[in-house]
Amino acid sequence: MQITFEKLGFTYQPGTPLAFTALKDVSFTIAEHSYTAIVGHTGSGKSTLIQHLNGLLKPTTGTVQIGEQVITSATSNKDLNKLRRKVGYVFQFPEAQLFEETVLKDIEFAPLNFGYSPKEARQIAIEQAQAVQLPTDVWEKSPFELSGGQMRRVAIAGILAMKPEVLVLDEPTAGLDPQGSREIMSLFQRLHQEQGLTIVLVTHNMNDVADYADHVVVLEKGTVVGDGQPREIFADPQWLTDHHLGLPQTTAFAYQLQQRGFVFTEGLPLTEKQLAHELAMMLKGGNNQ
Amino acid sequence: MGKIIEVKDLTFHYPDQKEPLFDQLSLSIERGQWVAIIGHNGSGKSTLVRIIDGLLAPQAGTIFVDGMPVTPENIWQIREKIGMVFQNPDNQFVSADVEGDVAFGMENLGLDRDVMKYRVDQALRKVNMEDFKGHDPSRLSGGQKQRVAIAGVLTLRPDVIIFDEATSMLDPEGRQDIIKLMTKLHKKGYTLISITHNIDEAAMADRVCVIDDGKIAADSSPAEIFAQEKELIAMGLDVPYSERLKDELLHNGIEVPHEYLTEKGMVDWLCKLHSKN
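In order, the protein sequence lines correspond to chains A and B. Our numbering puts the first residue of the first sequence at 4, with every later residue one more than the last. Our numbering puts the first residue of the second sequence at 4, with every later residue one more than the last.
It is possible that some hints are incorrect.
Unchecked claim - Derived BS3-like pairs: lysine-lysine, alpha-carbon spacing no greater than 30 Å straight-line:
1) A:276 <-> B:279
2) B:218 <-> A:144
3) B:120 <-> B:218
4) B:190 <-> B:136
5) B:191 <-> A:287
To be verified - Covered, in the sense of this in silico footprint (three residues per stretch, anywhere, with C-beta under 8 Å from a C-beta of chain A), are these stretches of chain B:
6) 239-253
7) 271-278
To be verified - What follows is a list of derived Cβ distance ranges for each label pair:
8) A:45 <-> B:125: 26 to 36 Å
9) A:151 <-> B:14: 22 to 32 Å
10) A:59 <-> B:223: 28 to 38 Å
11) A:129 <-> B:97: 21 to 31 Å
12) B:223 <-> A:7: 53 to 63 Å
Hint data in this document are derived by calculation from the structure and do not stem from the laboratory. Here the structure is a predicted model, which is why all the values come from computation and not from measurement. Glycine residues also receive a C-beta, built at the ideal position from the N, C-alpha and C atoms.
Same shape as in the complex, but just chain A:
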C-alpha cells in the first residue's frame, strides 16, 4: 500500500490559547513495500506524523492517502476503523499492552475481535507466535513471566495477527539490550523481505537507518527538511549536525578518514561491510603499484 501525505498540517487543541502546531505543510510519499525511516530531533513531530497512519489522529489541514483511502479532517471515525486492520502500529514499549492469561490468548485477541472463529483465531496466533520465533514452551505461559525481549515479541505477534500490510514501528528497540535489539530488528527485516510488509520506522538510531531503511525522511519543527535514500541523506555530515541528528557509526568513522585524506568516490559508506570493502580496495590497490 502506498502512503502519500499531501500538505498535511496538524494542530493540537486548535482554536484555544494552548493551540500548538505540530506539523505543517508535510508532503511526501512512502512507496509500497519500502522500508522508510522517519528521523528527527525529539519534538520534531515524528510521533504526531505516524499517528495519522492508522487514524489515531486526523489531519487539521491537507490529506493522507493510504492505499485507496483518503483521510481528511472530515473523515468519520467509522471509516478510520478499516484503516486499523491494514496498518499495524507497534507503540513504544508495546509489552505494556499485554493483558491476557497466556501468550496465545493474547495474540488471538485481535483476530477474535475481527470475527474469526476461535479455531481460526488460534491457528493465526500459532502462525504469528512462530513468525516472531517464540519458543513453543512459552505459548501457554503467562506473558508476564517472560523476559522483556520475549514480551515485546508477544505484543508484536498480536499486531501481526491482524495481518497488516503496513507496520509502523515507534522506537521498537527502546529498553532492549543489544542482543534483544538485533533480534527484533532482524525480525522486522525478515517480515519486510519475506512478506513484503511496508515498514515505517521512527528511530533515533542512525545505525538501524543505515542497516535497514531504503528511504529516509527527516523532520524538523514539524516540516520535512530531508527526503531521500540513506546514502544521499548521510552524504553531508555537517548538515546532519546542524539538524541535531547523528550519523551512522560507519559514516562518522569514514568522515574522520575523509578529513585525513581518504577519498570515497561513491560518497561516505553506511555500513562497516561497505567501509571495510572500500578500505581494502584502497589499501591493497596501493600495494600493487
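Based on the hints, put chain B in the right spot on chain A.
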C-alpha cells in the same frame, strides 16, 4: 583512598526462580572509582545495585558501604551515602517546578530552608540547569530531565552515585550530555557505578565488570574488556565500533593489530597504513 563498597560472597535467590541469581559473588570498589557494570538483560545488574542500596536483602553474604555493614539498623545511614538515578526520568518527578523537584529528597532531612535553597542552587549549577529553576520538569528534554534527577541526588551529598541505565531512554544528544556530566562528577571525586549497555558510557569508566550467569565474568580496564570481542557478543552486548571494523577488514584480507584501539586510534592506524601505500 580505601574501599567504598565491598561485597563478599553474596548469594541471592528470587523466591519464584529455580536457580539463585548470584552464587558467592564478590566485588569491591575503590573510593572515587568509576565502574561500569555490563551484562545482558536478566543477568542481575540492577539486582546487584539494589542489594548494595539495601532495597533487596540477600540470602547470604555481607555488603559494606564505606566500612559499614548493610543491615536494617544501618540502612538509612547507608542510603545517605548512595544516590540512584534510574532509567526513566518521567517516573521520578513529583513537583510542578524544577526547584521543588530537586529539593524533594531533602524534605525528610529536617534541614533549614536556607540550607535547602543553597543546596538546590549549588546542585543545579553543577548540572548546568540553573536557568530552569522555575520550569515544569515534564516539559524538559530527556537529557535535561535526567540532569534534574541528578541534581536531586546531589543535594543529598552522596559519596556514590549509581546510574541504572540512566542514558538508555535518551536520544543521542541527551546521552552524550549525560555522559559528559558523569565525567565531570567523576573528576570531582564521586564514586560512580554505571549499569549500561552503552559502549560509549562504559568506555569512559576506569573499570568494566561483566556480569554473566550470576558471576563476575570479567573485570578489567575498558581496553582489555573490549579487545575480547567474541565473548562480548556472546553475552548479548554491543561491541565497540573499532573492533567490528577490524573484523570486517580481516574478512577482506587486511592484517589488523590485536590490541584494542579506540576509534581515534583506529583512524590513526589506517592513516599510517594508507600513507605507506
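Hint-by-hint comparison with the structure:
no. : hint                       : result
1   : A:276 <-> B:279            : holds (23 Å)
2   : B:218 <-> A:144            : holds (28 Å)
3   : B:120 <-> B:218            : violated (44 Å)
4   : B:190 <-> B:136            : holds (25 Å)
5   : B:191 <-> A:287            : violated (48 Å)
6   : 239-253                    : holds (count 8)
7   : 271-278                    : holds (count 4)
8   : A:45 <-> B:125: 26 to 36 Å : holds (28 Å)
9   : A:151 <-> B:14: 22 to 32 Å : holds (25 Å)
10  : A:59 <-> B:223: 28 to 38 Å : violated (49 Å)
11  : A:129 <-> B:97: 21 to 31 Å : violated (46 Å)
12  : B:223 <-> A:7: 53 to 63 Å  : holds (54 Å)
Hints 3, 5, 10 and 11 from the list above are not met by this structure, while the remaining hints are.
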